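Single-letter residue listing:
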Amino acid sequence: MSDAAETVIASTAALTQRFGSTVALDAIDVQLRSGVTGLVGANGAGKTTLINALLGLRAPTSGLAKVLGLDPRSQGPALRARVGFAPERDVLPGEMRAVDFVRHLAQVRGLPRSEARTRASDSLWLVGLGEERTRTLGTMSTGQRQRVKLAQAIASDPQLVLLDEPTSGLDPTQRSEMLTLIGEISDEHSVNVVLSSHLLNEVESVCDHVVALDAGRLVASGPLSDLIGDDEGVTLELVDVAEPAGSVDAVERALRAAGIALERAGTTLRLGGLERDVLCDRARDAVADAGARIRRLEARRRSLTDLFETAA
Amino acid sequence: MNESAESNESPIAAADGAAQILDQRYRPYDGARHGLAGAMRAVIVSSTRFTLGLGRPARHKFLPWLAVVIALVPAIVFVGIATVLDIDLISENILPEYHEYYGYIQAALFFFCGIVVPEILVADRRNGMLPLYLSTPLRLWSYLASKAAAVTVTLAVITMGPLLFLLVAYTVEGSGPTGIGDWLTVLVRILGSGIAIAATMTAASLAISSLTDRRAFAVIGVILLLLGSSLVTSSLVETAELDSRLYAFNLFEIGAALKDRIYGIGPPLQFAGDDGAPGRRLSELATWFVLSANAAWVLAGGAVVWWRYRRIEATQ
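Which chain is which? The protein sequence lines are U and V, in order. Residue numbers are given in my numbering: position 271 of the first sequence equals residue 271, and the series is strictly consecutive. Residue numbers are given in my numbering: position 163 of the second sequence equals residue 1163, and the series is strictly consecutive.
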């Protein structure tokens, strides 16, 4: 989604949530923009607490929140009619048919009965459960139940969907499929999505924006492309060979002489300070001149993991 | 259900050549939304159907409908007798009057409140539906009010259904109230007493059900409350000859007393061996006391449920 088309769908100002002496959210100032936003952090970082605050399910200790232009506390019912939500907890009424479950919640979110019935079926088709829609929830796999939770969240055509750990309990293949599905829902149906996860690679794979939390503190927030990137230099790993002797040292000397910023750890050299292509060319030349052997030469990119490690 | 919703065809339909029409069905909705009222209506209808076992496997239908049958069978029998014997059976004191029928539905009420009602709250907590409901326009009070309304409506089927059947059948048979005024008076009394008893029983049943996530514990709790309150207060008043105001703690009898006041008559409860000593009859309780006692049950039950769910909400 282009920056120009992005709009702020939710924002908080000094949002603080305390439970006794525990600070679950510590003066969080953040803006969530349209598209898919990943709420990342370890268990206990405050992700679910922030989602509850955005839904207006819990009054913050202090601070403000605004979602879709509404105050979650004073305008909660009006807001929640426009928001879909899928909780993390994998417990659903086992004897209910999937289509009945989705239809009922669409009705509770305000849709007329006939419309809810149609959209329940359509939503289940969209998440890939069209053929399974009359099965009872108790007979479905964890992956199917996660899809049913997604279907009920989108059935009422919300402007914003909040998904709390939507890939919880899924195997890698199911996880990938679920993330692809979430991306498609956002891209093709213009539904804004906020998903929480403690798996950073998940967020990197599907999200446009990231809000990173750690122990209730805001670590970082913004477009994913701004927070991570592939312009972090190059890693060059050499093979420690006996002949010619000192080849690794020779490569290091040559690269330093060429004005390249360099950190060395054994036979691994982390190069930086210049464009990636230039670094690769210089590294190749230095290795060739020294008669060294390359084990690995790769562009180094900053990941969300680096973001958290830096913050820590 | 419309064709779009029911069709088993794939949403991806291939056209000729390389082109494809990708119809995912899911599309924007800009029609009416019913807000809080629609949300409450949906929960009431769903919960009522759930309580009666509608749309659920057969094993869930058995108990609620057994309770309805228990309540209705005596009325059907009485109407049959009235049809076969061509005399005014009520005025001849052969068949029970409307207010006396309550004795026949107590077993059904006990059965329904003890076995069926607990599931209506417990299931939502067990199934994880509560957080989902609270993420909709519903708030805690409107969710609980919807649940209470569903139970009250269902209980009213038992407390009013057989009596309305009797009223209509007696009227058709010629033993009903004389004149439209009397007829309407009986109707109002049936509706009023039915709702009053249903409300009191609903509050007590839901209060116990709110205290545990285990259906079995809730069932035991409700049965203990209904039986215990009846046995203990009856013993204290009749055997120990304590003050009859202790009947305020007897869920069945205080409800029956209110019903009798609504019918404008003294209660039929004359205990065996009662010598008429002061403080030993329900009929001696002031109407305001009976009314207050029933209101207290409703308020106390509501307060327990509210207190309990505020705690649950805080830990969701």
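In case anyone wonders, no lab produced these hints; they're calculated from the structure. Treat the hints loosely; a few may be bogus.
Claimed, not checked - Among chain U residues calculated to face chain V with C-beta under 8 Å, some are:
1) 77
2) 87
3) 100
4) 122
5) 123
Bear in mind that the values here come from a model prediction, so they are computed numbers and not experimental data. All C-beta atoms, glycine included, are put in the ideal place defined by N, C-alpha and C.
Verification of the supplied hints:
Below 8 Å, beta-carbon pairs count as interface contacts, and residue 77 of chain U has one with chain V at about 4 Å; its hint therefore holds. Hint on residue 87 of chain U holds. Least Cβ distance to chain V is approximately 5 Å, under the 8 Å limit. With its C-beta approaching chain V no nearer than about 7 Å, residue 100 of chain U sits inside the 8 Å limit, and its interface hint holds. The beta carbon of residue 122 of chain U is positioned within 8 Å of a beta carbon in chain V (closest approach about 4 Å), and the interface hint is therefore held.
Nearest Cβ of chain V to the Cβ of residue 123 of chain U: about 6 Å, under the 8 Å cut. The hint holds.
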